[in-house]
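Q: Chain residues, written in single-letter form:
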Amino acid sequence: GEDVEQSLFLSVREGDSSVINCTYTDSSSTYLYWYKQEPGAGLQLLTYIFSNMDMKQDQRLTVLLNKKDKHLSLRIADTQTGDSAIYFCAEVSGNTDKLIFGTGTRLQVFP
Amino acid sequence: SQTIHQWPATLVQPVGSPLSLECTVEGTSNPNLYWYRQAAGRGLQLLFYSIGIDQISSEVPQNLSASRPQDRQFILSSKKLLLSDSGFYLCAWSARASYNSPLHFGNGTRLTVT
Chain F
1 GEDVEQSLFL
11 SVREGDSSVI
21 NCTYTDSSST
31 YLYWYKQEPG
41 AGLQLLTYIF
51 SNMDMKQDQR
61 LTVLLNKKDK
71 HLSLRIADTQ
81 TGDSAIYFCA
91 EVSGNTDKLI
101 FGTGTRLQVF
111 P
Chain U
1 SQTIHQWPAT
11 LVQPVGSPLS
21 LECTVEGTSN
31 PNLYWYRQAA
41 GRGLQLLFYS
51 IGIDQISSEV
61 PQNLSASRPQ
71 DRQFILSSKK
81 LLLSDSGFYL
91 CAWSARASYN
101 SPLHFGNGTR
111 LTVT
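For the record, the sequence lines run as chains F and U.
Going by the numbering used here, the first sequence opens with residue 1, and the numbers climb by one from there.
Going by the numbering used here, the second sequence opens with residue 1, and the numbers climb by one from there.
Rather than coming from a laboratory, the hints here were simulated on the basis of the structure.
We put the beta carbon where it would ideally sit given N, CA and C, even for glycine.
Among the hints, erroneous ones may be present.
[Claimed, not checked] Cβ-Cβ distance ranges computed for the label pairs, FRET-style:
{"no.": "1", "chain 1": "F", "residue 1": "LYS56", "chain 2": "U", "residue 2": "SER57", "range": "28 to 36 Å"}
{"no.": "2", "chain 1": "F", "residue 1": "SER51", "chain 2": "U", "residue 2": "GLN62", "range": "26 to 34 Å"}
{"no.": "3", "chain 1": "U", "residue 1": "GLN73", "chain 2": "F", "residue 2": "GLU38", "range": "25 to 33 Å"}
{"no.": "4", "chain 1": "F", "residue 1": "LYS98", "chain 2": "U", "residue 2": "PRO8", "range": "23 to 31 Å"}
{"no.": "5", "chain 1": "U", "residue 1": "PRO18", "chain 2": "F", "residue 2": "LEU61", "range": "37 to 45 Å"}
{"no.": "6", "chain 1": "U", "residue 1": "PRO8", "chain 2": "F", "residue 2": "LEU45", "range": "19 to 27 Å"}
{"no.": "7", "chain 1": "F", "residue 1": "SER28", "chain 2": "U", "residue 2": "SER57", "range": "16 to 24 Å"}
{"no.": "8", "chain 1": "F", "residue 1": "ASN66", "chain 2": "U", "residue 2": "PRO14", "range": "43 to 51 Å"}
{"no.": "9", "chain 1": "U", "residue 1": "ASN107", "chain 2": "F", "residue 2": "GLU5", "range": "25 to 33 Å"}
{"no.": "10", "chain 1": "U", "residue 1": "GLY52", "chain 2": "F", "residue 2": "LYS67", "range": "31 to 39 Å"}
{"no.": "11", "chain 1": "U", "residue 1": "ARG110", "chain 2": "F", "residue 2": "THR81", "range": "22 to 30 Å"}
[As the list claims (entries may be wrong)] Quick partial rundown of chain U residues pointing at chain F, CB under 8 Å, derived from the structure:
{"no.": "12", "residue": "LEU103"}
{"no.": "13", "residue": "HIS104"}
{"no.": "14", "residue": "GLY108"}
Here chain U stands alone, though its shape is the one from the complex (with noise of 0.2 Å):
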């Protein structure tokens, strides 16, 4: 069966420090790659998604970047973190052959930036 792992769970970085967010998927290939994030009491905000290796797509301006160095590995990173980077990180898969397949989601990582 897939599973996604993303690490940390947690994270307190102080404002211009560097991030970076891990995400592996397991069980399955060419996955189709998500990050979102969920800023307390909101909903949820797509911030990269990617269709394959070095195939990423930016949804909106921001302090932020992705990676996908492998095809089940997505790293989301800031070379100096603002204070309106803190929020909840989800990575998600969904199967590549098709759009309409559902989004499974990690556990999420509570970035706070102080």
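In isolation and in its complexed conformation, chain F is listed as follows (with noise of 0.2 Å):
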């Protein structure tokens, strides 16, 4: 079956770039997503990539995919307190069409 998984903590110094981290199952993964989730709200579309390509660049957001290895980072660059929250990596399955999350990783930003 299709599987996303993430680290579930990830702690950065104000000003460093932070790396979240993801691995999934699914060949066949047609877009993969990042969404940002703030204490006590709905999720936020951060970015996506399509699975042609390598790399998306977005202000001070990197996409890395790795197909072959099944791998997807989200690279945030001067990384601030405002980017503490819980970011989700999802992905399309190719086989059902439905998005599946990753369980989250909580990025806490310390000065």
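Join the two chains, each given in its own frame, into one complex according to the hints.
A: As structure tokens, this is what we get:
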């Protein structure tokens, strides 16, 4: 079956880069997404990447996709305290067209 | 622009009481609609999704039901709440034209069953 895994926690110093990793098992994934959830709020779409791309950059965010290893990462440059949140990766299953979420990575940014 | 409204924001209900959570979408037509539950410290579990009025699929057997009385309205209900129904409930929509279009979430409802 389809599975998406993330590490649970990441702690970084303000100003450093953060790298949040995600692995998935569905080799037929078409789209992969990164969502951000601030405390007590819904999920906010941050960025997405098509499965035929290797990299996508959007201001401070860089998404890298290694399709061979089924590994997705989100790099946040110059991490700020406002970046503290839970980050979810999600993939669209090529078999079912359904969105499969990872368990989320809690990013904590300290001064 | 499209917006999604979900209410109430928080709810405390006793065990055995009924539940009704509402979600409405504005600025789009024929959306796909979803209900997710997020248990404390865990990921998202898809509960229901709907591709049209009276077209609702349930992903997991449970104490909850969903209805879509209008194109842009999605309701999550229960006749008798259980303690295990506590959690953070999220409504979401996506454009029906493509199953690959991203989901857009409401702000969620924090439900505590006591």
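Q: I'd like to know which numbered hints this structure contradicts. Please list them from smallest to largest.
A: No numbers; nothing is violated.
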